[in-house]
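If you read the protein sequences in the order shown, they are chains A and B.
So for the first sequence, this note's numbering puts the first residue at 1; every next one is plus one.
So for the second sequence, this note's numbering puts the first residue at 1; every next one is plus one.
Treat the hints as calculated values from the structure; they're not laboratory data.
Every residue gets a Cβ at the ideal spot worked out from N, C-alpha and C, and that includes glycine.
Certain hints may be false.
Unchecked claim - Quick partial rundown of chain A residues pointing at chain B, CB under 10 Å, derived from the structure:
1. R96
2. A173
3. N177
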Amino acid sequence: MQDKYTDDLLEVNELKMHFPIRGGIFQRQVGKVFAVDGISLGVGKGKTLGLVGESGCGKTTVGRCILRLYEPTGGRVIFEGKNLLGMDRRNLRAVRRNLQMIFQDPFESLNSRHVIANIIEEPFIVHRMGTPRQRRKWVYKLLERVGLARDAALRFPHEFSGGQRQRIGIARAIALNPKLIVCDEPVSALDVSIQSQVLNLLLELQQDMELSYLFIAHDLSVVKHISDTIAVMYLGRIVEQAPADDLYEMALHPYTQALIAAIPIADPSRKRDKKPLSGDVPSPINPPQGCHFHPRCPFVIDLCRQKEPFLKVKPENGGSDHWVACHRAGKI
Amino acid sequence: MKLNTLTIKKLRRFYSIKRGYYAFIFLGLLILLSFAAELVVNSRALIVKYQGKYYFPTYTDMIAGETFGLDYAYETNYRELKANFERKNDGNWVLMPPAPYNAFENDLRSDSAPALPPSWSQRHFLGTDTSGRDVLARLVYGFRIAIFFSFTLIVSTYVVGIGIGCAMGYFGGGFDILFQRLIEIWSNVPIIYVVIIISSIVVPNFWWLIIIMVCFGWMGITWVMRTITYKEKARDYVLAARALGASNVRIIFLHIIPNTISVIVTYVPFSFSSGIVALTALDYLGFGLPPPTPSWGELIQQAWTNFSAWWLGASVITAMVLTLVAVTFIGEAVREAFDPKLHTVYE
């Protein structure tokens with residue numbers, strides 16, 4: 001597992017984010033939320049890694065930890081060969097030129113007090129690039145690039161629709177010509193009709209600018225459209241990771257199988273052959289023993305309750321890049 | 001600079017609350033008038049025409065009596081000059097302001113003792129106080145000082161309070177806890193005793209009072225700022241700024257504070273009236289601005305000791321009530337117009 005992704009642009013190694021729970025008069029730590037509990041990922045140059053999971057499984061936290069918006073409690077985040085964790089502010093600021101983020105809620109991620117021109121100009125100001133006149137020119141170029149009119153520049157965010165706002169968020173993220181963008185559910189707050197437009201814009205940008213994406217989503221059908229590799233997360237851990245087509249054709253983990261079975265198919269005559277998952281994601285404050293998924297797993301055996309399964313490659317399934325964390329993988 | 005359409009919406013709402021809007025116009029006019037008080041209430045003439053030349057003494061250095069053919073070198077008494085010119089009737093004239101007295105001169109007469117009741121003919125429209133000073137002049141100039149005092153106080157307490165409150169909310173952790181406890185202790189210092197102690201050492205002038213009041217009054221707004229900052233800093237637009245690599249200073253001043261303005265604004269009118277009340281109370285107790293500074297508190301004290309001079313109490317209490325009610329109406333309207341629940345997409 002250690003050396004799996006060393007050639008990649010971004011390599012995440014055993015990342016842990018345990019949020020402390022404080023209580024009492026002295027605000028002592030009384031517990032932990034195991035939001036992310038030892039995750040390893042790799043994103044290759046120009047590639048897209050899709051990270052999927054239910055809400056509350058820690059996928060957003062992974063994205064924020066990679067950008068050091070949260071301070072992870074353990075692990076390594078290696079971007080272009082440098083570990084971002086423990087890096088000082090000045091070096092980190094330089095790295096941020098190449099590492100950007102697109103946020104989920106376009107109504108929240110743009111400061112409602114600033115006009116669009118100021119919002120898109122901010123990356124250049126923060127990184128001290130260009131003269132005001134040059135910056136204005138770049139802003140217009142970026143607006144054009146994401147498919148907005150020039151007169152958008154002097155308007156405020158609330159004058160735009162969700163899709164347009166997300167385009168503004170994308171313009172801000174690509175302003176500095178980054179190499180990797182963490183897309184934190186960039187389309188899940190949008191109308192279905194707008195989603196594909198924004199996804200296509202992201203794909204276009206990826207081709208033009210050789211971008212890599214870490215694409216976080218809770219919707220497998222969205223991720224399928226855009227990803228090269230897909231990682232499935234459950235309660236702070238990755239349960240399965242495989243090239244996109246592989247994952248769809250032969251999902252090995254019962255959780256992935258359930259997710260795929262839940263994708264709606266536009267064919268009313270087709271009968272469902274799998275039951276939907278029952279129950280809820282357990283609390284990350286007190287995750288279950290053994291395999292985190294065992295309370296909901298239809299194929300659970302005693303081993304699952306006692307021993308935690310590790311991510312292992314499954315060569316017997318043809319591809320050498322299919323990883324799964326299940327004791328019964330391949331047997332179900 | 002284009003106004004945010006949300007801001008315009010809030011201003012429209014404020015305009016639609018008529019009571020607050022008219023109170024705002026009323027108080028605004030009073031404040032503007034008080035800035036030009038020298039043109040309305042003043043012992044100096046507006047225009048003097050003497051031997052074909054015009055003089056405008058209002059804002060100039062003092063003009064000696066000799067200039068106008070009088071036999072003294074100190075400042076001209078324009079009221080006497082006017083009477084003089086009118087007697088001689090040789091083409092010279094003086095135009096006095098409507099109320100021809102300033103706030104400091106003692107208009108003592110041989111036939112009566114102050115305080116004199118209101119008199120139209122003597123142009124003491126609100127009478128004189130116990131030392132023969134014109135009450136209207138003292139009200140107007142006292143108002144101007146109180147307004148200026150209150151305004152300076154708000155700006156300075158808000159600069160300190162918003163700065164510290166924002167830092168508490170933004171940095172959180174130990175810094176926050178330390179300052180919370182410090183503020184709790186500091187809030188328990190009784191300000192009036194501090195003022196009494198300090199005024200036994202120095203005669204507190206305007207700036208002394210401001211400094212004392214800021215030192216012991218900046219805590220109020222910190223709690224509000226701390227809470228909103230906690231809320232704002234967790235929002236995605238702040239995360240986006242951090243992801244870009246923006247500095248803490250930039251995030252606080254360009255991102256968080258502009259988003260808290262609507263909350264701060266609702267506190268301003270109430271701070272304003274409390275500033276006026278604080279100065280008046282200190283002056284009333286005799287620990288405020290040194291005499292003979294015109295002040296409402298000092299007038300109230302005179303009224304308290306001279307019940308028979310009813311015009312003292314009547315004028316200052318009327319003025320005080322009008323001002324404070326106007327400020328309160330404005331405050332209510334602002335709070336209503338800036339209510340975030342009416343404007344956010346959420347909730």
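Outcome of the hint check:
no. : hint : verdict
1   : R96  : holds, 4 Å
2   : A173 : holds, 8 Å
3   : N177 : violated, 13 Å
In this structure, the one hint that does not hold is number 3.
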